[in-house]
Amino acid sequence: MTVRSYIEAITDALRQEMARDERVFILGEDVGKRGGVFRATMGLMEEFGETRVVDAPLAESAIVGVAIGAAGAGLRPVAEIQFADYIFTATNQIMNEAAKIRYRSNNDWSAPLVIRTPYGGGIHGALYHSQSIEKIFTGVPGLRVVTPSDPYTAKGLLIAAIRSDDPVLFLEHKRLYRLLKAEVPDEPYTLPLDRARVKREGDDLTVISYGYTLYQVLEAAEHLAGEGISTHVLDLISLYPLDREAIIRAAARTGKVLIVHEDNLEGGVGGEVAAIIAEDAFFDLDAPIRRLGGLDIPAMPYAPPLEKAFLPQTEEIMEAMRALAHF
Amino acid sequence: MTVRSYIEAITDALRQEMARDERVFILGEDVGKRGGVFRATMGLMEEFGETRVVDAPLAESAIVGVAIGAAGAGLRPVAEIQFADYIFTATNQIMNEAAKIRYRSNNDWSAPLVIRTPYGGGIHGALYHSQSIEKIFTGVPGLRVVTPSDPYTAKGLLIAAIRSDDPVLFLEHKRLYRLLKAEVPDEPYTLPLDRARVKREGDDLTVISYGYTLYQVLEAAEHLAGEGISTHVLDLISLYPLDREAIIRAAARTGKVLIVHEDNLEGGVGGEVAAIIAEDAFFDLDAPIRRLGGLDIPAMPYAPPLEKAFLPQTEEIMEAMRALAHF
Amino acid sequence: MDHRKASLRDEEVIQIYRTMYLARKLDERQWMLNRTGKIPFVISCQGHEAAQVGAAWALQAGSDAVLPYYRDLGVVLTLGVSPRDIMLAAFAKAEDPSSGGRQMPNHFSDPTLNIFTQSSPTGSQIPHAVGFAWAFKVRGEQKVAFVSFGDGTSNQGDFHEGLNFAGVHRLPVLAFVENNTYAISVPYHKQVASKTIAERAQSYGMEGVLVDGSDPFLVYEAVKNARERALEGLGGTLIEARVSRLVPHSSDDDDRTYRDQKELEEEKARDALGKMRTYILDKSLIDDAALEQLEKDVMDIVNDATAYAERAPYADPSTVKRYVYAEAE
Amino acid sequence: MDHRKASLRDEEVIQIYRTMYLARKLDERQWMLNRTGKIPFVISCQGHEAAQVGAAWALQAGSDAVLPYYRDLGVVLTLGVSPRDIMLAAFAKAEDPSSGGRQMPNHFSDPTLNIFTQSSPTGSQIPHAVGFAWAFKVRGEQKVAFVSFGDGTSNQGDFHEGLNFAGVHRLPVLAFVENNTYAISVPYHKQVASKTIAERAQSYGMEGVLVDGSDPFLVYEAVKNARERALEGLGGTLIEARVSRLVPHSSDDDDRTYRDQKELEEEKARDALGKMRTYILDKSLIDDAALEQLEKDVMDIVNDATAYAERAPYADPSTVKRYVYAEAE
Ligand SMILES: Cc1ncc(C[n+]2csc(CCOP(=O)(O)OP(=O)(O)O)c2C)c(N)n1
Ligand SMILES: Cc1ncc(C[n+]2csc(CCOP(=O)(O)OP(=O)(O)O)c2C)c(N)n1
Ligand SMILES: [Mg+2]
Ligand SMILES: [Mg+2]
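Just so you know, the sequences run in chain order P, S, Y and V.
Going by the UniProt record's numbering, the first residue of the first sequence is number 1, and it counts up by one from there.
Going by the UniProt record's numbering, the first residue of the second sequence is number 1, and it counts up by one from there.
Going by the UniProt record's numbering, the first residue of the third sequence is number 1, and it counts up by one from there.
Going by the UniProt record's numbering, the first residue of the fourth sequence is number 1, and it counts up by one from there.
In isolation and in its complexed conformation, chain P is listed as follows (with noise of 0.2 Å):
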């Protein structure tokens, strides 16, 4: 066990699986010698090589359409998208190619690569480096999408991502880069792809997030916690597919759900979740169930207060909690 920030779990884990399994490979913008503009990959080159370690030109679409070319060749790319904002131009070659090479070959080909990306904002990256793009990727079946919200999970969650035979994007929150370090074991370990995990357990009410916002939760939930209120906290962490039955587990056990995310509220994963509890755990609910989110404005803009504005405070979240405790 070391103490690690998410990013340096992050790291650990492209090291470690690099490693062991010489056809892995890092390509991206300023990945090799600069290690990343965040440093996820630092010192990566150094160790392993340029061939292994690839500072590929300014174009995401190459970026994502050669690893899928270099998967199709027995290799184990992942990508590194600079900021998320910047996926868009790749987005054919991930939802038309990538999602779909197994499925239109009738799984003669397959296109396991990795396609890790910063997300998120809060960080004063203004409209253009703050973005929350899962809602426009999942939702695409063939793809996976994943977003860890914690170092312990970071780590196992990319190998198991590298070391999948399918497709994953996988959406780092970058405000969490460093905000927390823990515990993370030394030796390579995997966490399945598709499962939420409960995070705290309680019975008044239950809160399903992802992210960063998890952390506005947990710290609401243990502020309630003191007046009395116990709440249930349910990570997602597969955004797609989605874990039904986590899901509705989590909102039976209380009959009284918020949903919370950074991305914009309307369209948002949330929306999805709440689908399937008024579905198939309708008879449990006690209540509407609530949803909190970003703004339904394009993104966090630059200047502090408009940043702060565009996501729910946790004072918000906590009021909202309480009041679907007592209702």
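Among these hints, one or two may not hold up.
Think about it this way: if two alpha-carbon atoms lie no more than 25 Å apart in a straight line, the pair counts; the simulated SDA-like pairs of lysine to any residue are [claimed, not checked]: (1) K308(S) to G37(Y); (2) K321(Y) to E319(P); (3) K321(V) to E319(P); (4) K296(Y) to N34(Y); (5) K33(S) to K195(Y); (6) K33(S) to K296(Y); (7) K224(V) to K321(V).
Derived by calculation from the structure, the hints in this document are not laboratory data.
Given the coordinates of chain P, assemble chains S, Y and V with the ligands onto it according to the supplied hints.
Frame of chain P; chains S, Y and V with the ligands shown alone:
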């Protein structure tokens, strides 16, 4: 009034708007001499000339990107993406550019353009000529996503889209192009871009749909009327932003809701619709919110038996409706 | 050109003709089946066969990676895809090796021949080929990645991004453009701003070669040379073959609104397949009787393939949900 | 080159120097503010000023459409954006004309100057410029669209797709590449497969021009000529100016891991701004005292702009939801 097919209504709208406003022009692949691969722009190049109807090079990102610039310069572009399946390389131009131009410039600039594209399956189009793309493009603040389901709506909605100062993704279900004909006013008219419409009044259950599946629903409703079941049917029309009030009203009216769409079930627009109801019409509900949608597979396959297996059949929809009514 | 200049044996020339002829006949048969309502869709190789067979003749089947596009019936037949396979795809039957009837015909795929699975969005296969070439280079394998596409497709971002990546790393990619001067209805001058596609190679530090695609020997030689250069580590080549599209874009198209029909008739009169037939007779590589027999044999194969595929079963609808994700073994 | 060869008046040369100097000082001030924690982010023009001011000097401010990129402080100052505007954006204040504090600094926009709004994804502005040029052409207006970007960005699909569209229609687009041989940390030879960016013009049937970006007169002349050709209907030009990035990519970057610091020091010693200062003194276009006064005036302006912007209010949080869609008047 003239009896027109859905696609004729679209051509009619284009012609009238081009005649009315010389800033309006069309660009896309094969829209000129060929009149579009589905013939939506038939005759328009002859009528308006080559600077008003532009056969663009095979490059979707440029089609949308050039349209954005032309809109910035004061023109009113109507871009055609030949099949919705080919829109993905333009994702960045649509989501990061068109949708954010007004917001990011604090209202100084705007991107008044329409992107028309045929979507949906059931015409032996296989994985790459059958896709429902709405789940990908909804949830992008700044962008409107609409889809008409009949000739009357097609014309009025397209004229409204062209006159709108917002970017509009205008989805045309290709299976509807020639499936039905209806009376369409000859003079130009507009319909609101953000309103759902009640297609059938009823009291026992509510079905919410759009596009092709709406006809399956209407057929089922007609049949069930014979069994004494009265169905309320709402056509969403605006897929983003959703018409929340209309959805809540329609759900509250019967307390029993089925949502049906062709797009994959998980992550489809139906999730957001269900979530709205589960939050804001919860106390009116008498049954779990049911959803039916396309299978969670990459898209409709080519072989007829597989293609048919993709969509819920009308029988299955009827069964779900009956079950709800008797709930 | 004389085939001996390209170091092709007489017997190979007969095989090249035979493959071109087979491609044409399989293609024509599909149009017939389409017009009689038996299959929903055809997209043709007609007019491209000489270029396709000539190009593929220079490849190492099963070893080189091949990423063809929807017109490349001649390419895949040369590599070893069978006529039955082609017809199984046309009829969308379960046994179709490219997709089990899931994709439209001519979306070739065959792992045993290292033909990678294709989609429909034009140009997306180009970066894939670059990825294959990357793997070959880092593993030190003596293989190239061959990728083909049309003139219109050379305007896609993926063409530019993919070939630049290949150029930076001098990867063994052969990018083969079948320039038929149309992208559906849009003619070259409204489509491509450069005089030739080949000259776009300059943007990628690559060789660019322009070749008459009606002569399979010239194309063969160009691809062979490019392949050798690539294997020597000298990087990829962009090869433009000038060809003629003798039929509408696809069975859903009607070219009368946009294409000068007289010009088209003239192109048909110059059909590379006919030229090749004359060549083998003129050079006495075959006599009339043997040629007739060869052509009859091909027709038998086409008939057999059609009959086989027509009778073959569709995939069971219960399989429709399979292979979205990897299945546990 | 001598400025008279480029038909520039002495007074203009002083103004060019003044604008370069102003750009540098505004830029340096932002770094200082960043390092003292007053603003979160800077992205620089340092080393690009000569090329930027020279290029923009050839444009018709307020008439030509201008689509700059994040380094183009020199371009927009030349066109008429004020130092206060720059600092308002740096501090993300409500009055910032480019976005009201919504975007990062250097995402220029000013409808009064026909500077179109910019985003961050590299290259997406290129098709926009083509769209402006399309409008100018069909309306018969005597205007060009000027768009700038970096060397790395010339690998993006939008570069290729946009310029091909412009080439097909011979649109009045001036595509201006500021080649500083780096894209963040990735050097030119790992980034761009062609020897020059200018030669990529060939793919688009355009003129390609390579110019020394440390000489504003050369750049001015190249852009002026290109503009004239464009207005004569002869199509666009791809102009590559060779420049030097004198500081890290942005305030979030640290170039010591990837850039030879000795080389960088040499580049700093050859700084185009210093060269220009020497030039105006050597040519006696200004005397020492007047130059000192000019530079002092600039510093006063920078101080004023900083003070003004620092005091200016942020946008009210209640405005955060405005202008997602058109609002009814
Ligand atoms: C991204 C994309 N856009 C549009 C289409 C529709 N489409 C299919 S083929 C074609 C023309 C291709 O022309 P070209 O590249 O010259 O190849 P050719 O068919 O002439 O051989 C078009 C526009 C597509 N398949 N993919
Ligand atoms: C599509 C996209 N990918 C990545 C980035 C992150 N990024 C910002 S600037 C930059 C390098 C640009 O290099 P170049 O075009 O040479 O311009 P320079 O900064 O050197 O002037 C990168 C990778 C981005 N802004 N957009
Ligand atoms: Mg063509
Ligand atoms: Mg650069």
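Consistency of the hints with the structure:
{"no.": "1", "hint": "K308(S) to G37(Y)", "result": "18 Å, holds"}
{"no.": "2", "hint": "K321(Y) to E319(P)", "result": "43 Å, violated"}
{"no.": "3", "hint": "K321(V) to E319(P)", "result": "22 Å, holds"}
{"no.": "4", "hint": "K296(Y) to N34(Y)", "result": "23 Å, holds"}
{"no.": "5", "hint": "K33(S) to K195(Y)", "result": "23 Å, holds"}
{"no.": "6", "hint": "K33(S) to K296(Y)", "result": "41 Å, violated"}
{"no.": "7", "hint": "K224(V) to K321(V)", "result": "43 Å, violated"}
Checked against the numbered hints above, the structure violates hints 2, 6, 7; every other hint is satisfied.
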